[in-house]
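> The residues making up each chain are set out below.
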Amino acid sequence: MEQHDVIIVGGGPAGAACAKALKDAGIDVLILEKDKLPRYKCCSGVLFGQTEELLREYFGADAPPEVYCSNDKIIEAEDIREWKKGTGYKRFYWEIDKDGKAFSTHYQNIWRNLFDHWLVKMSGATCREEARVKGFTATSEHVTVEVDGPGVSEYRCKYLIGADGGPSVVKRILKAAAGDSGPAGASVSIFQSYFKLESLGTLKKAAWTVFFEPEIGEMLSCVHQKGDYLLLCVGGFKGRKLRESVERFKQLLADEFGVKLGSWWRDEGCQMELAPPYLGEGRAVLTGEAAGYIYLNGEGISAAIDSGYRCGKAVAQAIRSGGDAIAIFRENSGDIDRHLEKCLSQIHFLSV
Amino acid sequence: MALLITPDCINCVVCQFECRNDAIAQRDGIHVIDPEKCTECDGIAEKPRCVSVCAVDCIVPDPQRPYRGAMLSA
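Top line first, the protein sequences correspond to chains A and B.
Numbering-wise, my numbering puts 141 at position 139 of the first sequence, and it's gapless, one number per residue.
Numbering-wise, my numbering puts 1297 at position 55 of the second sequence, and it's gapless, one number per residue.
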């Protein structure tokens, strides 16, 4: 049995930002990450202007050169466009103002595996890798956490934070304890494949092109270059065969733009649940996508960093001065909730 | 009595987390079900839990191991 003030489950941006806030407050914290870092993630890997600002505010840093894609480090906002046969291109607005504030128009093209690893190191917290949480039990005083993997198998902490993404183990255990067995709401699925790039054809370099083709998927599809690869991303409602969607998308890119793809490298899939934020119960707190903090355009990095840091601050305050960590967190995150709502009402992301 | 994951799987991992029998693992680019562990959630759910959460409907009755699967596909 090992003891810490706080244990964070998940070494992504939400967990790293949460750990940073706790370290800044002088709290003893350990991160448990289920995989070995660096690890890939289903993501376009583009840092929006809001993320850039949050990195400066919470970490006092910009993403370092080694996490950028080599050929096309910056995508200018004007090169993010949707395309339609017949009418051609028009601007696509991926990021919208938050509380009346506009963000940078330079989008940073990064590798998520390297970025996430850098962010965990920047948090200053110890991260135990290949540690899978199997279960936990919470009392009014502490939480006991059961872990699979090499090393310690049981931990005790004052607060357990689930920063473990969409399929959060912590959230699932909380929901099961509350007698809620099924998935909470509607979900959309995302699937993306990397192919060696042979020719962009007439697609613009260092651009991000979006398509609304119901034949491909109910969600937008998009394509952008990452280093030597072209990344094709598709999405749809339940039941959509997304591997077939990628094949249709490849065909469209070949037919309309003359894109030539070489060998397949890798693919990634995930589900995004569309449910209102749920911040946990008592001493088990959720943050990032595990809490439902993902902006509806599919941009989760800024929501993760912002909610993660505020969660850490709230838990630090509860430990130092007493009070209900979840209530403090909720009170301090009103603007994130409002931005979630705003994205939901303003962003154009469905093709049907 | 077991289910089978087809090559339509997109590796979203949700089924693996949903399985109460620890029967699902990631292998060779898709997820696979261990037929020795899969019970099709008999007695614990109306419909197998993995089938309920699968995004691309790629979990089907294993033709080699029919039973409840025969009812599912009916």
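What the hints contain is simulated information worked out from the structure, not anything from laboratory work.
Beta carbons are placed, not taken as given, at the ideal position from N, Cα and C, and that holds for glycine.
One thing to keep in mind: the hints can contain errors.
Subject to a maximum C-alpha distance of 16 Å in a straight line, what follows is the list of computed EDC-like cross-link-like pairs (lysine to aspartate or glutamate) [as the list claims (entries may be wrong)]:
no., chain 1, residue 1, chain 2, residue 2
1, A, Lys243, B, Asp1264
2, A, Lys36, A, Glu132
3, A, Lys87, B, Asp1270
4, A, Lys38, B, Asp1284
5, A, Lys136, B, Asp1270
6, A, Lys86, A, Glu343
7, A, Lys36, A, Asp150
8, A, Lys240, B, Asp1264
Beta-carbon label-pair distances, calculated as ranges [as the list claims (entries may be wrong)]:
no., chain 1, residue 1, chain 2, residue 2, range
9, B, Gly1271, A, Gly325, 27 to 33 Å
10, B, Pro1249, A, Asp257, 21 to 27 Å
11, B, Val1302, A, Gly181, 27 to 33 Å
12, B, Asn1263, A, Gly88, 24 to 30 Å
13, A, Arg250, B, Thr1248, 39 to 45 Å
14, A, Arg134, B, Gly1271, 18 to 24 Å
Far from chain A, by Cβ distances over 12 Å, these chain B residues were calculated [as the list claims (entries may be wrong)]:
no., residue
15, Met1243
16, Asp1250
17, Arg1269
18, Gly1271
19, Val1274
20, Pro1277
21, Lys1279
22, Thr1281
23, Asp1284
24, Ala1297
25, Asp1299
26, Asp1304
27, Arg1307
28, Pro1308
> All the hints need checking, so say for each whether the structure fits it.
Against the structure, the hints:
Straight-line distance between C-alpha atoms of Lys243 of chain A and Asp1264 of chain B comes to about 25 Å, which puts the hinted pair past the 16 Å bound. For the proposed pair Lys36 of chain A and Glu132 of chain A, the alpha carbon gap of about 4 Å is at most 16 Å, so the pair holds. Restraint check for Lys87 of chain A and Asp1270 of chain B: the C-alpha separation of about 37 Å exceeds 16 Å, so the hint is violated. For the suggested pair Lys38 of chain A and Asp1284 of chain B, the alpha carbons sit about 35 Å apart, so the restraint of at most 16 Å is broken.
Taking the CA atoms of Lys136 of chain A and Asp1270 of chain B, the gap is near 24 Å; set against the 16 Å cutoff, the hint is violated. The hinted pair formed by Lys86 of chain A and Glu343 of chain A fails the criterion: a straight-line CA distance of about 28 Å is larger than 16 Å. Among the hinted pairs, Lys36 of chain A with Asp150 of chain A is consistent with the structure: their alpha-carbon atoms are about 9 Å apart, no more than 16 Å. In summary, the hint linking Lys240 of chain A to Asp1264 of chain B is not supported, as the alpha carbons are separated by about 23 Å, beyond the 16 Å threshold.
Between Gly1271 of chain B and Gly325 of chain A the beta carbon distance is about 47 Å. The supplied range of 27 to 33 Å is therefore violated. The hint said 21 to 27 Å for the Cβ distance between Pro1249 of chain B and Asp257 of chain A, and at roughly 25 Å that hint holds. Between Val1302 of chain B and Gly181 of chain A, the C-beta spacing of about 30 Å keeps the proposed range 27 to 33 Å intact. Distance hint for Asn1263 of chain B and Gly88 of chain A: a CB-CB separation of about 52 Å, inconsistent with the stated range 24 to 30 Å.
Taking 39 to 45 Å as the suggested C-beta distance range, the pair Arg250 of chain A and Thr1248 of chain B does not conform, at roughly 18 Å. Here the CB-CB span from Arg134 of chain A to Gly1271 of chain B is close to 21 Å, well matched to the stated 18 to 24 Å. The Cβ of Met1243 of chain B sits about 21 Å from the closest Cβ of chain A, beyond the 12 Å cut-off, so the non-interface label holds. Not every beta carbon of chain A lies more than 12 Å from that of Asp1250 of chain B, the smallest distance being close to 5 Å; the non-interface claim is violated.
Here Arg1269 of chain B stays apart from chain A, with its beta-carbon at least about 15 Å from theirs, past the 12 Å limit. Its beta-carbon lying about 7 Å from the closest one in chain A, Gly1271 of chain B breaks the requirement of being farther than 12 Å from that chain. No beta-carbon of chain A is positioned within 12 Å of the beta-carbon of Val1274 of chain B; the least distance is around 15 Å. With a closest Cβ-Cβ approach of about 23 Å to chain A, Pro1277 of chain B is found to remain outside the 12 Å limit, as its non-interface label requires.
The Cβ of Lys1279 of chain B sits about 16 Å from the closest Cβ of chain A, beyond the 12 Å cut-off, so the non-interface label holds. Every beta carbon of chain A lies more than 12 Å from that of Thr1281 of chain B, the smallest distance being close to 16 Å; the non-interface claim holds. Residue placement check: Asp1284 of chain B keeps its beta carbon more than 12 Å from all beta carbons of chain A (closest about 16 Å). Residue placement check: Ala1297 of chain B does not keep its beta carbon more than 12 Å from all beta carbons of chain A (closest about 4 Å).
Its closest Cβ contact with chain A, about 5 Å, brings Asp1299 of chain B to no more than 12 Å, contrary to its assignment away from the interface. The claim that Asp1304 of chain B lies off the interface holds: its Cβ sits roughly 20 Å from the closest Cβ of chain A, which is beyond the 12 Å cut-off. The non-interface label for Arg1307 of chain B is consistent with chain A: the shortest C-beta to C-beta separation is roughly 24 Å, beyond 12 Å. In this structure Pro1308 of chain B is separated from chain A by more than 12 Å, as the shortest Cβ-Cβ distance comes to about 23 Å.
Of the numbered hints listed earlier, those contradicted by the structure are 1, 3, 4, 5, 6, 8, 9, 12, 13, 16, 18, 24 and 25.
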